[in-house]
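Line by line, the protein sequences give chains A and B. Residue 1 is where the first sequence starts when you use this note's numbering, and the numbers rise one by one after that. Residue 1 is where the second sequence starts when you use this note's numbering, and the numbers rise one by one after that.
Treat each hint with caution, since some may be false.
[What the hints assert, rightly or not] Straight-line alpha carbon distances no greater than 25 angstroms define the calculated SDA-like cross-link-like pairs of lysine to any residue that follow:
1) Lys667/A / Val28/B
2) Lys667/A / Gly60/B
3) Lys667/A / Thr626/A
4) Lys667/A / Ala46/B
5) Lys156/A / Ala547/A
6) Lys667/A / Ala610/A
7) Lys720/A / Thr79/B
8) Lys514/A / Phe565/A
9) Lys720/A / Gly60/B
[Stated by the list, open to error] Quick look at which bits of chain A chain B covers, simulated, 3 or more residues with Cβ under 8 angstroms:
10) 184–191
11) 709–716
12) 726–738
Keep in mind that the hints were calculated from the coordinates and are not lab data. Just so you know, these numbers come straight off a predicted model, no measurement behind them. Heads up, the beta-carbon is just placed ideally off N, CA and C, and yes, glycines get one too.
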Amino acid sequence: MVGLLFSGLAATLIAPFIVRLPVRRAAWLPGIFPAAIFAYLLFSLPAMHTSRERIASLAWVPSLEVDLTFRLDGLGFLFSLLIALIGLLVVLYASDYLQGHPQLGRFYAALMLFMTAMLGVVWSDHLLGLFVFWELTSISSYLLIGFNHEEESSRKAALQALLVTGGGGLALLAGLVLLGLSGGTFALSTLNLRGEVLRASPAYPLAVGLILLGALTKSAQFPFHFWLPGAMAAPTPVSAYLHSATMVKAGVYLLARLNPALGGTPLWNTLLVCFGLITLAGGAFLALSQHDLKRLLAYTTVGALGGMVFLLGIGTPLAVKAALTFLLAHALYKGALFLVAGGIDHATHTRDIRSLSGLARAMPWTASGALLAGASMFGLPPTFGFVAKELLYESTLAHPAAGWLILFVFLAMIGMGLVSAWVAIRPFLGPLSFHHAHENSWLLWGPPLLLGSLGILAGWQATAVGELLIQPAATAILGEAQKVKLSLWHGITPYFLLSLATMALAAMAYLWSKPVQKSIERFFAHLAPLGPERGYRRAMNGLIHLANFQTNLWQNGYLRVYILFIILTTLALATGALLFNAQGLHLPAFTPPRFYEVLLIGIILAGVGAVVRTTSRLATIALLGTVGLSISLIYLLYSAPDLAIVQFAVETLTVILFVLVIYRLPKFTRIQGQPARWFDLFVALAGGTLMTLLVLLVTSETFVSLVSPYFNASSLPLAKGRNVVNVILVDFRGFDTLGEITVLSLAAIGVFALLRLVSQDRKKP
Amino acid sequence: MNILIALATGALFTGGLYMMMRRSLVRVLVGILLLGNAINLTIFAAGRLVAFTPPIIAPGQSRPPDGVADPLTQALILTAIVISFGITAFAVALVRQTYSQTGTDDLDLLRCTDVPCPPEPDWEEPQEGNS
Chain A
1 MVGLLFSGLA ATLIAPFIVR LPVRRAAWLP GIFPAAIFAY LLFSLPAMHT
51 SRERIASLAW VPSLEVDLTF RLDGLGFLFS LLIALIGLLV VLYASDYLQG
101 HPQLGRFYAA LMLFMTAMLG VVWSDHLLGL FVFWELTSIS SYLLIGFNHE
151 EESSRKAALQ ALLVTGGGGL ALLAGLVLLG LSGGTFALST LNLRGEVLRA
201 SPAYPLAVGL ILLGALTKSA QFPFHFWLPG AMAAPTPVSA YLHSATMVKA
251 GVYLLARLNP ALGGTPLWNT LLVCFGLITL AGGAFLALSQ HDLKRLLAYT
301 TVGALGGMVF LLGIGTPLAV KAALTFLLAH ALYKGALFLV AGGIDHATHT
351 RDIRSLSGLA RAMPWTASGA LLAGASMFGL PPTFGFVAKE LLYESTLAHP
401 AAGWLILFVF LAMIGMGLVS AWVAIRPFLG PLSFHHAHEN SWLLWGPPLL
451 LGSLGILAGW QATAVGELLI QPAATAILGE AQKVKLSLWH GITPYFLLSL
501 ATMALAAMAY LWSKPVQKSI ERFFAHLAPL GPERGYRRAM NGLIHLANFQ
551 TNLWQNGYLR VYILFIILTT LALATGALLF NAQGLHLPAF TPPRFYEVLL
601 IGIILAGVGA VVRTTSRLAT IALLGTVGLS ISLIYLLYSA PDLAIVQFAV
651 ETLTVILFVL VIYRLPKFTR IQGQPARWFD LFVALAGGTL MTLLVLLVTS
701 ETFVSLVSPY FNASSLPLAK GRNVVNVILV DFRGFDTLGE ITVLSLAAIG
751 VFALLRLVSQ DRKKP
Chain B
1 MNILIALATG ALFTGGLYMM MRRSLVRVLV GILLLGNAIN LTIFAAGRLV
51 AFTPPIIAPG QSRPPDGVAD PLTQALILTA IVISFGITAF AVALVRQTYS
101 QTGTDDLDLL RCTDVPCPPE PDWEEPQEGN S
């Protein structure tokens, strides 16, 4: 398993190069990766059926006990199967759809990255590993939505998707950490055994809230659904793969995966049922106001994801079974319909259902793929979509509050049925609207036809699919062995009647498509100003305003204001620290100073005072020199002859330097007025007082040095030097001195360059 | 003597900080020089003041006498002095170049040499004073 993931990363790196190989169909080569996964999965199928798991582990950060543990169980298997199957088809499809595109390599690299990341999400057994892969899917989704990066709308949609899912990802990280801490482990499989402890822990509501935020943003649930229709800016194969079949289902996956650990409480069930139901009904009805094929499909995807969350919220074994069946059915028919939409777009260069008609004659293969997938979405027997719809009704009817819930679900299913007819039938019937339209290459109609046929096959063989795929997955979600028996025909039951009613009403609505669409459009036009997308735009604008405001406040371009802030902050922090840890200032024993000490300090004080006041350039330089030389004498008096010599030399050089350029310097004038100067003086005085106090405090403590005794003792035996200071500089800390020499050389080069610049300027005129 | 050194440090800090808050670029340069000296003196005082016992090993001895001045702080300050000299030299050349190119050393006017000037903030009236 680890090997497969690593080969996915390798495929990401080499994909841009291999698709350029001068081989026919070089763009098929990335398909080897999903094909390998597919083979691996088929090989593991017997193990899944006997509920055995495949586990692989890789030490990642041993010091933090973070291992990349991967575990393939029934739930992960179902997802991996979709990732590999639809991934393979999408690679083939895109090789024709994007043929000759200059950025083909980049496309395949991002696609391989996504595939690897998505596999990582459904295989990870470590919460943090799961999170890392989760974020990787967001990033590769960002790259793929913004694939047409020359269009502003694509970039905006990509950024919007990244911000919404990435923001949710941050909440998810906090939630997962909270979960790991309260469960005492970060291993998912262990956490799922400790559900009792987790649900009783005080952090439970917060953890659930944060994790839900992550899952709901990823799966485009209301009120975060708006990023998914925007994500349709991606090339159609990407929409089919990421934004309907796999990535957006990651949120559903996470909820299902954590069900044994977190599920079963009123909080969990109520939240999921509410969000899921609103999204189910809202998505289906928002879809009815659209004309663009991809946006129609995107909104029904939102609705379908809502349905899965809703079913997981109900939480009964029947509902979980229904959720998984719906997930599989949806991935098959929605992936196919997206690919059909891409094919229509490719042939006619439009996706507006109002102008498309009669394509069945021009594109018979595409039309048959659309018909098969559409039948599954519509819920006609014997498709798998029919099985899923029956189960959805059955689990809703078994809920205590079935009366209200069933109304929403019923209306939503009618909406979806209507959309499926619009997408799968309407463009193909009637007079041919595009006379230049022609059938695409088999690469564009083959994959949707295959997916559509699989939907029929799965419906026909529902029992086998239920046993092989749904049963192990349901066992993983519920944490105990399940028996799943799916069948096409249950006899005349309430939910069968509901299903019939849905189909009848959807068919009737299709006949009156025009008035239905007009009125729904008008309804949503009134509602538009309230949409969450508007809130998103406002928040983004507000963020930019806030950034501008605080940049102007702090980065205002006045050096003195920056320094003022630095001084005030330091003062506040240091004073605070001193006050909190005050142990009283006991002054060192006062020894009467010798007269030359008083004299030196007097010179320094007077010198500083005069430097501040004078406006004469010459006086400033002389006074600075005086202060510096007095300090050098202090060094000499207190046992630092080396310092005294260096300070003396440097002061002399500084004076010479100033004298050399003195008449090229501006006059030392005062620019600011009296009040500003007094205020600055007050602040500076406060800073100076603080430093005086600090020096007194430090020198009143007894002095303990940990390193100096070593230097003193080893200077002669190890370094053969009698001047300890020099030995430290050239020997013990020789590399520091090397750095110092480097700094000086750089400064010298800088000075030289600046002065040369001046002389060149002078030569010019 | 500790108290006197502390006073001198405080005075150097006050002068340095005050000069660094000036609008005139050359005065900021003077402030940097004063501040460098102030910091060196602070480190020196933190290594304790010991009179007339430099960390030098007398001939015939294997280590300096007890109660010797701390060699480590001295080594640090020595590096600091040399580095500040490098900074001073570079800053002087920079100030000179700035002045010859722009004809001003008023930092408020230098704000707008390569970008358009933002409006003046309210908190301070720019004033031409010459006292």
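Here's how the hints hold up against the structure:
1. Note on Lys667/A and Val28/B: the hinted pairing holds, with a Cα-Cα distance of about 13 angstroms set against a maximum of 25 angstroms.
2. In summary, the hint linking Lys667/A to Gly60/B is not supported, as the alpha carbons are separated by about 57 angstroms, beyond the 25 angstroms threshold.
3. Using a Cα cut-off of 25 angstroms, the hinted pair Lys667/A and Thr626/A holds, with the two alpha carbons roughly 21 angstroms apart.
4. Of the supplied pair hints, the one linking Lys667/A and Ala46/B is violated, its CA atoms being roughly 37 angstroms apart against a limit of 25 angstroms.
5. Distance restraint check for Lys156/A and Ala547/A: the Cα-Cα separation of roughly 19 angstroms lies within the 25 angstroms cut-off, and the hinted pair is therefore satisfied.
6. The straight-line distance between the Cα atoms of Lys667/A and Ala610/A is roughly 16 angstroms, inside the 25 angstroms bound, and the hint therefore holds.
7. About 22 angstroms separates the Cα atoms of Lys720/A and Thr79/B, which keeps this hinted pair within 25 angstroms; it holds.
8. Distance hint between Lys514/A and Phe565/A is unfulfilled; the C-alpha atoms sit about 66 angstroms from each other, more than 25 angstroms.
9. A distance of roughly 13 angstroms separates the Cα atoms of Lys720/A and Gly60/B; the hinted pair therefore holds under the 25 angstroms criterion.
10. Only residues whose C-beta sits within less than 8 angstroms of a C-beta in chain B count toward coverage, and the stretch 184–191 of chain A has 0 of them, not enough to reach three; the restraint is violated.
11. Figure legend: the stretch 709–716 of chain A, annotated as covered by chain B; annotation consistent (5 residues with Cβ-Cβ distances under 8 angstroms, at least 3 required).
12. With a threshold of 8 angstroms between beta carbons, the proposed coverage of the stretch 726–738 of chain A by chain B holds, since 5 of its residues qualify and at least three are required.
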